[in-house]
Amino acid sequence: MKLLFTLTSAFVALLSSKTVLAEYTLNMTKGVTDISNDIWNLHMMVFWVCVAIGVVVFGAMFYSIIAHRKSKGAKAAHFHESTTVEFLWTGIPILILIAMAIPASKTLIDIEVLDKADMTIKVTGMQWKWQYDYPEEGISFVSNLAQSSRDVIKGTPEEREAVHEEGSYLRSVDKHLVVPVDTTIRFLITSNDVIHNWWVPAFGLKQDANPGFINDAWAKPNEIGTYRGQCAELCGKDHGFMPIVVDVVSKADYAAWVQTQQEEKVAEMESATQVWTEADLVARGEVVYNANCSGCHQKDGTGIPGVFPAMVGSEVTNGPADYQLNLVINGMGGMPAFKMLSDSDLASVITYERRSFGNNGSVVQPSDVTSAR
Amino acid sequence: MSSTTTAAYDDHGHGPEKGLLRWVKTTNHKDIGTLYMWFAFSMLLIGGALAMGIRAELLQPGLQLFEPQFYNQLTTMHGLIMVFGAIMPAFVGLANWLIPMMVGAPDMALPRMNNWSFWILPFAGAILLSTFFMEGGAPAFGWTFYAPLSTTFAPDSTDFFIFAVHLLGFSSIMGAINIIATVLNMKAPEMRLMDMPLFVWTWLITSFLLIGAMPVLAGAVTMMLTDRNFGTAFFDAAGGGDPVMFQHIFWFFGHPEVYIMILPAFGIISHIIPTFARKPLFGYSSMVYATASIAFLSYIVWAHHMFLTGMPVAGELYFMYATMLIAVPTGVKVFNWVATMWKGSMTFETPMLWALAFVFLFTIGGFSGLMLGIAPADIQYHDTYFVVAHFHYVLVTGALWGIIAAVFYWLPKWTGKMYNEPLAKFHFWWALISVNVTFFPQHFLGLAGMPRRIPDYALQFADFNFISSIGAFSFGLSFLLLTYIVVDCIRNGKPADARPWASAKGLEWTLASPIAYHTFDEPPTRAEILAESQHS
Numbered sequence: 009m010k011l012l013f014t015l016t017s018a019f020v021a022l023l024s025s026k027t028v029l030a031e032y033t034l035n036m037t038k039g040v041t042d043i044s045n046d047i048w049n050l051h052m053m054v055f056w057v058c059v060a061i062g063v064v065v066f067g068a069m070f071y072s073i074i075a076h077r078k079s080k081g082a083k084a085a086h087f088h089e090s091t092t093v094e095f096l097w098t099g100i101p102i103l104i105l106i107a108m109a110i111p112a113s114k115t116l117i118d119i120e121v122l123d124k125a126d127m128t129i130k131v132t133g134m135q136w137k138w139q140y141d142y143p144e145e146g147i148s149f150v151s152n153l154a155q156s157s158r159d160v161i162k163g164t165p166e167e168r169e170a171v172h173e174e175g176s177y178l179r180s181v182d183k184h185l186v187v188p189v190d191t192t193i194r195f196l197i198t199s200n201d202v203i204h205n206w207w208v209p210a211f212g213l214k215q216d217a218n219p220g221f222i223n224d225a226w227a228k229p230n231e232i233g234t235y236r237g238q239c240a241e242l243c244g245k246d247h248g249f250m251p252i253v254v255d256v257v258s259k260a261d262y263a264a265w266v267q268t269q270q271e272e273k274v275a276e277m278e279s280a281t282q283v284w285t286e287a288d289l290v291a292r293g294e295v296v297y298n299a300n301c302s303g304c305h306q307k308d309g310t311g312i313p314g315v316f317p318a319m320v321g322s323e324v325t326n327g328p329a330d331y332q333l334n335l336v337i338n339g340m341g342g343m344p345a346f347k348m349l350s351d352s353d354l355a356s357v358i359t360y361e362r363r364s365f366g367n368n369g370s371v372v373q374p375s376d377v378t379s380a381r
Numbered sequence: 092m093s094s095t096t097t098a099a100y101d102d103h104g105h106g107p108e109k110g111l112l113r114w115v116k117t118t119n120h121k122d123i124g125t126l127y128m129w130f131a132f133s134m135l136l137i138g139g140a141l142a143m144g145i146r147a148e149l150l151q152p153g154l155q156l157f158e159p160q161f162y163n164q165l166t167t168m169h170g171l172i173m174v175f176g177a178i179m180p181a182f183v184g185l186a187n188w189l190i191p192m193m194v195g196a197p198d199m200a201l202p203r204m205n206n207w208s209f210w211i212l213p214f215a216g217a218i219l220l221s222t223f224f225m226e227g228g229a230p231a232f233g234w235t236f237y238a239p240l241s242t243t244f245a246p247d248s249t250d251f252f253i254f255a256v257h258l259l260g261f262s263s264i265m266g267a268i269n270i271i272a273t274v275l276n277m278k279a280p281e282m283r284l285m286d287m288p289l290f291v292w293t294w295l296i297t298s299f300l301l302i303g304a305m306p307v308l309a310g311a312v313t314m315m316l317t318d319r320n321f322g323t324a325f326f327d328a329a330g331g332g333d334p335v336m337f338q339h340i341f342w343f344f345g346h347p348e349v350y351i352m353i354l355p356a357f358g359i360i361s362h363i364i365p366t367f368a369r370k371p372l373f374g375y376s377s378m379v380y381a382t383a384s385i386a387f388l389s390y391i392v393w394a395h396h397m398f399l400t401g402m403p404v405a406g407e408l409y410f411m412y413a414t415m416l417i418a419v420p421t422g423v424k425v426f427n428w429v430a431t432m433w434k435g436s437m438t439f440e441t442p443m444l445w446a447l448a449f450v451f452l453f454t455i456g457g458f459s460g461l462m463l464g465i466a467p468a469d470i471q472y473h474d475t476y477f478v479v480a481h482f483h484y485v486l487v488t489g490a491l492w493g494i495i496a497a498v499f500y501w502l503p504k505w506t507g508k509m510y511n512e513p514l515a516k517f518h519f520w521w522a523l524i525s526v527n528v529t530f531f532p533q534h535f536l537g538l539a540g541m542p543r544r545i546p547d548y549a550l551q552f553a554d555f556n557f558i559s560s561i562g563a564f565s566f567g568l569s570f571l572l573l574t575y576i577v578v579d580c581i582r583n584g585k586p587a588d589a590r591p592w593a594s595a596k597g598l599e600w601t602l603a604s605p606i607a608y609h610t611f612d613e614p615p616t617r618a619e620i621l622a623e624s625q626h627s
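Chains as they are written, first to last, in the numbering used here: chain H, 9 to 381; chain Y, 92 to 627.
Derived from the structure by calculation, the hints contain no laboratory data. Model, not experiment: these values are computed from the prediction. Positions of the beta carbon are idealized from the N, C-alpha and C atoms, including for glycine. It is possible that some hints are incorrect.
Said to hold, decoys possible - Derived PhoX-like pairs (lysine-lysine); straight-line CA-CA distance at most 25 Å:
{"no.": "1", "chain 1": "H", "residue 1": "Lys83", "chain 2": "Y", "residue 2": "Lys434"}
{"no.": "2", "chain 1": "H", "residue 1": "Lys228", "chain 2": "H", "residue 2": "Lys259"}
{"no.": "3", "chain 1": "H", "residue 1": "Lys228", "chain 2": "H", "residue 2": "Lys307"}
{"no.": "4", "chain 1": "H", "residue 1": "Lys183", "chain 2": "H", "residue 2": "Lys228"}
{"no.": "5", "chain 1": "H", "residue 1": "Lys114", "chain 2": "H", "residue 2": "Lys228"}
{"no.": "6", "chain 1": "H", "residue 1": "Lys307", "chain 2": "H", "residue 2": "Lys347"}
{"no.": "7", "chain 1": "Y", "residue 1": "Lys516", "chain 2": "H", "residue 2": "Lys78"}
{"no.": "8", "chain 1": "Y", "residue 1": "Lys434", "chain 2": "H", "residue 2": "Lys78"}
{"no.": "9", "chain 1": "H", "residue 1": "Lys130", "chain 2": "H", "residue 2": "Lys259"}
{"no.": "10", "chain 1": "H", "residue 1": "Lys307", "chain 2": "H", "residue 2": "Lys162"}
{"no.": "11", "chain 1": "H", "residue 1": "Lys80", "chain 2": "Y", "residue 2": "Lys516"}
{"no.": "12", "chain 1": "H", "residue 1": "Lys273", "chain 2": "H", "residue 2": "Lys124"}
{"no.": "13", "chain 1": "H", "residue 1": "Lys183", "chain 2": "H", "residue 2": "Lys162"}
{"no.": "14", "chain 1": "H", "residue 1": "Lys80", "chain 2": "Y", "residue 2": "Lys434"}
{"no.": "15", "chain 1": "H", "residue 1": "Lys114", "chain 2": "H", "residue 2": "Lys38"}
To be verified - Computed spacing ranges between beta-carbons, pair by pair:
{"no.": "16", "chain 1": "Y", "residue 1": "Leu284", "chain 2": "H", "residue 2": "Val121", "range": "22 to 28 Å"}
{"no.": "17", "chain 1": "Y", "residue 1": "Arg283", "chain 2": "H", "residue 2": "Lys83", "range": "57 to 63 Å"}
{"no.": "18", "chain 1": "Y", "residue 1": "Phe517", "chain 2": "H", "residue 2": "Phe87", "range": "32 to 38 Å"}
{"no.": "19", "chain 1": "Y", "residue 1": "Phe517", "chain 2": "H", "residue 2": "Ala107", "range": "27 to 33 Å"}
{"no.": "20", "chain 1": "Y", "residue 1": "Ala147", "chain 2": "H", "residue 2": "Asp308", "range": "24 to 30 Å"}
{"no.": "21", "chain 1": "H", "residue 1": "Lys124", "chain 2": "Y", "residue 2": "Met285", "range": "34 to 40 Å"}
{"no.": "22", "chain 1": "H", "residue 1": "Asp308", "chain 2": "Y", "residue 2": "Trp234", "range": "30 to 36 Å"}
{"no.": "23", "chain 1": "H", "residue 1": "Trp56", "chain 2": "Y", "residue 2": "Lys585", "range": "49 to 55 Å"}
{"no.": "24", "chain 1": "Y", "residue 1": "Thr118", "chain 2": "H", "residue 2": "Tyr71", "range": "27 to 33 Å"}
{"no.": "25", "chain 1": "H", "residue 1": "Phe87", "chain 2": "Y", "residue 2": "Ala622", "range": "49 to 55 Å"}
{"no.": "26", "chain 1": "Y", "residue 1": "Met285", "chain 2": "H", "residue 2": "Tyr71", "range": "30 to 36 Å"}
{"no.": "27", "chain 1": "H", "residue 1": "Trp56", "chain 2": "Y", "residue 2": "Leu284", "range": "38 to 44 Å"}
{"no.": "28", "chain 1": "Y", "residue 1": "Trp520", "chain 2": "H", "residue 2": "Lys124", "range": "57 to 63 Å"}
What the hints assert, rightly or not - Heads up, incomplete: computed chain H residues facing chain Y, CB under 10 Å, no partners named:
{"no.": "29", "residue": "Val57"}
{"no.": "30", "residue": "Pro101"}
{"no.": "31", "residue": "Ser199"}
{"no.": "32", "residue": "Asp224"}
{"no.": "33", "residue": "Val324"}
Chain H on its own, in the form it takes in the complex:
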């Protein structure tokens, strides 16, 4: 009874939270590419065909249930075979299926065949984040679940609601993928560890990221806006915490964004040549750790026994720095390689791991990372 009361009050609370209630949808959305619209049309066509067949079949069934019941004095007929009828209800469905297969094939070929792309982005899935590379522009970054969402996963409903108001709970990232509008973008999709799946519903684009293989897919977004998705293939513990956020911006804004990114990259490389104080390294390292490492090794560095090693009191974090540098840069077994992080980030996070959690390892400078690579 108490359980029932709790559930009822939770139900009432849920219905009265307007922001959430206003948002739920019953159907697929059309999206912002021609392909996603074609998919939506196909979906609706097949749906209505199913409804029509359902009305006929269930209509006959329920008519029979209502009219041909013993309690109404119905006497059973004895027919039990008709080749004509069997022929008809084999043949008619085949015709309906052919009618559905024609537009479906056309859309499928449109999706799979791309003559020429205006630009290319490489998408690399890894447990549990996405790396984006713009090979022609020389831009490369990793996109993680936003800290604001991560902090309230075990928080109160109100905290999650607040994060949701600012953007999206669980569908926010620290660095958005930015692409220009009205541009054909080829995505080269791969993985560093297990199979992931890069899915942006508004683009009608969902493609497996297979380790060791590259899949390609493309999208041409027609509308400026922010579009959210998430990993769509079970990829381990934090599969549910691997969102995707894409900003589709005007071509001018895109050019400006590219320039900023390139300038930041130069500044980042500059910083790696400096000698950092331990305090600076640890402060930056904590941010990098929480975004990249805490998923497995836990925020407090205790790991998960039998699966993910602890940082606390570990031989690695208290031993020679070279071993840890190699481990973090190149990976080992289930531990992925983190060579996509900058020298400053790597030096910071390794120093954080070696100097926090009660550990007493040495400080690592960006220059150590540069020579270890």
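Take the given structure of chain H and dock chain Y to it, following the hints.
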């Protein structure tokens, strides 16, 4: 009457042993059928308890109860236990009980192997469940265990999972061999193939699916084993392997597996509807041919689970067309059932209610299956709750509904007693409403973009998850009532007639209730077979 109907037969010296050893040593098809059914039911309750855990975590956004890793263990073990522990053994149990009775045989053809194929199961189940208590936890890579998540990145307990799958596979293959041998060699000499009731036909065809598919699964898990422990790289790209090959091998097993879990249910429904419509089954021979067509097609459509793996467009087109074709024989079956009801004289006892709900809800699952088969649309459906809704409609309100319908239909024959009809009807409506509250909103969640296998979700998915969880709790509770109804029937049920459903046809109804330990002493005659045929 060729069957043994006198109680005096029990003094013949062939009765059951006394005590627990009866169940350990038994080679009797009815005892083994009973063991299978109780094993499957306990697994159903365990798998159901895991599902309650899943729905409890999903009741509200955020993580309340479980860590994500444990949540993944719940979904993985729920799927494995329901597929390999509940649905498949329940159908083998039904086959054990019913096939000898339906074909006029004294027992199964290979009774000692029958004993062994059952007794492997509890050990396999125990090994699988024991992984929960191992360091690193139970398998957490989904019931489809895609490599390399299940190889390089899996917990140590995965090797126990592999061993359990091997054992389950042995058991299934032995069960299938036994059924083929029984049907083809033990059926009454006067019974022709096209006289056989549909449950026998569907199980005969299912057995061939099992024999074809289970060794492929064994191959897949063996390759996993060597990848994990002996340095091979079948599925590891770094060693020249291919993780997508795992999916091809898995689904070459996995798609026939789907039909292994539904064809026997088709057979069951084809018995129940004619009985309560008081009319012969419409289109018997087309039902047989449709079943065989579905079985054949099930081997050539596997990659429709893999439209997003990066297949060439020609492959996608082929698998889309082949998949759409399955709708044709499946449609024929549904049309035949509706035509059987048409101009019948229907009554709505509990087995009929379950059968009618099966036709309606399985067809809904079939519709979403057709939608999923459209490759471009599958881009948006793939790995979302739309898929979860689809396969629960075909497996819960399909396969499980068929099993429950069969239990109510044949329980009076098995136990010689009648269950409590009003209570059973109440239970049906309870289960029917709650199962739809559970799974129907999941269609909306999937279309709105909620992926499956996630322990926490964005807030726009909160409402339907809440509703789905409430439905699931109610559905879960309904099984306690089902347990009570069955136990109450066995203990306190009123004696049932040999033919409790006046219009039921089939050789099993010519046997006394409660049924003698040995089924048919002498094979039924041609006249008896024809008189008990459901389709003439």
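Going down the list of hints, with the structure as the test:
With a CA separation close to 8 Å, the supplied pair H/Lys83 and Y/Lys434 stays within the 25 Å bound. Taking the CA atoms of H/Lys228 and H/Lys259, the gap is near 13 Å; set against the 25 Å cutoff, the hint holds. Taking the CA atoms of H/Lys228 and H/Lys307, the gap is about 39 Å. The hint is violated against a cut of 25 Å. Restraint check for H/Lys183 and H/Lys228: satisfied, since their Cα atoms lie roughly 21 Å apart, inside the 25 Å limit.
As the CA atoms of H/Lys114 and H/Lys228 are separated by approximately 18 Å, the hinted pair is consistent with the 25 Å bound. For the given pair, H/Lys307 sits about 21 Å from H/Lys347 by alpha-carbon distance, which is consistent with the 25 Å threshold. Using a Cα cut-off of 25 Å, the hinted pair Y/Lys516 and H/Lys78 holds, with the two alpha carbons roughly 18 Å apart. About 10 Å separates the Cα atoms of Y/Lys434 and H/Lys78, which keeps this hinted pair within 25 Å; it holds.
At most 25 Å may separate the alpha-carbon atoms for a hinted pair to count; H/Lys130 and H/Lys259 meet this at roughly 20 Å. Of the supplied pair hints, the one linking H/Lys307 and H/Lys162 holds, its CA atoms being roughly 13 Å apart against a limit of 25 Å. Restraint check: the Cα-Cα separation between H/Lys80 and Y/Lys516 comes to about 20 Å, which is no more than 25 Å; the hinted pair holds. Only pairs whose Cα atoms come within 25 Å are accepted, and H/Lys273 paired with H/Lys124 is rejected, the gap being roughly 29 Å.
Distance restraint check for H/Lys183 and H/Lys162: the Cα-Cα separation of roughly 23 Å lies within the 25 Å cut-off, and the hinted pair is therefore satisfied. Our distance criterion of 25 Å between C-alpha atoms is met by H/Lys80 and Y/Lys434, whose separation comes to about 12 Å. A hinted pair counts as satisfied when its Cα atoms are at most 25 Å apart, and H/Lys114 with H/Lys38 qualifies at roughly 18 Å. Our hint of 22 to 28 Å for Y/Leu284 and H/Val121 is violated, since their Cβ atoms are close to 49 Å apart.
At about 31 Å, the CB distance of Y/Arg283 to H/Lys83 disagrees with the hint of 57 to 63 Å. For Y/Phe517 and H/Phe87, the hinted distance range of 32 to 38 Å is satisfied, since their beta carbons lie about 35 Å from each other. Distance hint check: the CB atoms of Y/Phe517 and H/Ala107 are about 44 Å apart, inconsistent with the given range 27 to 33 Å. Taken as a hint, the range 24 to 30 Å holds for the pair Y/Ala147 and H/Asp308, whose Cβ atoms sit roughly 26 Å apart.
The supplied range of 34 to 40 Å is broken by H/Lys124 and Y/Met285, whose beta-carbon atoms lie about 60 Å from each other. Range check, H/Asp308 to Y/Trp234: about 33 Å between beta-carbon atoms, so the 30 to 36 Å window is met. The given range of 49 to 55 Å is respected by H/Trp56 and Y/Lys585, whose C-beta atoms sit roughly 50 Å from each other. For the pair Y/Thr118 and H/Tyr71, the supplied restraint of 27 to 33 Å is violated, since their beta-carbon distance comes to about 49 Å.
The hinted window of 49 to 55 Å between H/Phe87 and Y/Ala622 is violated, with their beta carbons roughly 20 Å apart. Separation of Y/Met285 from H/Tyr71 is about 31 Å and conforms to the stated range, judged on CB atoms against 30 to 36 Å. For the hinted restraint 38 to 44 Å between H/Trp56 and Y/Leu284, the CB-CB distance of approximately 41 Å keeps it satisfied. Checking the proposed 57 to 63 Å range against Y/Trp520 and H/Lys124 shows it holds: the Cβ atoms sit about 60 Å from each other.
The restraint placing H/Val57 at the interface with chain Y holds, with a minimum CB-CB distance near 8 Å, inside the 10 Å limit. Of the supplied interface hints, the one on H/Pro101 holds, with its beta-carbon coming within about 5 Å of a beta-carbon of chain Y, less than 10 Å. Residue-level restraint check for H/Ser199 holds (minimum Cβ-Cβ distance to chain Y is 9 Å; threshold 10 Å). Because the beta carbon of H/Asp224 sits about 8 Å from the nearest beta carbon in chain Y, less than 10 Å, this interface hint is met.
Evaluation of the H/Val324 hint against chain Y yields a violated restraint, the C-beta minimum of about 19 Å exceeding 10 Å.
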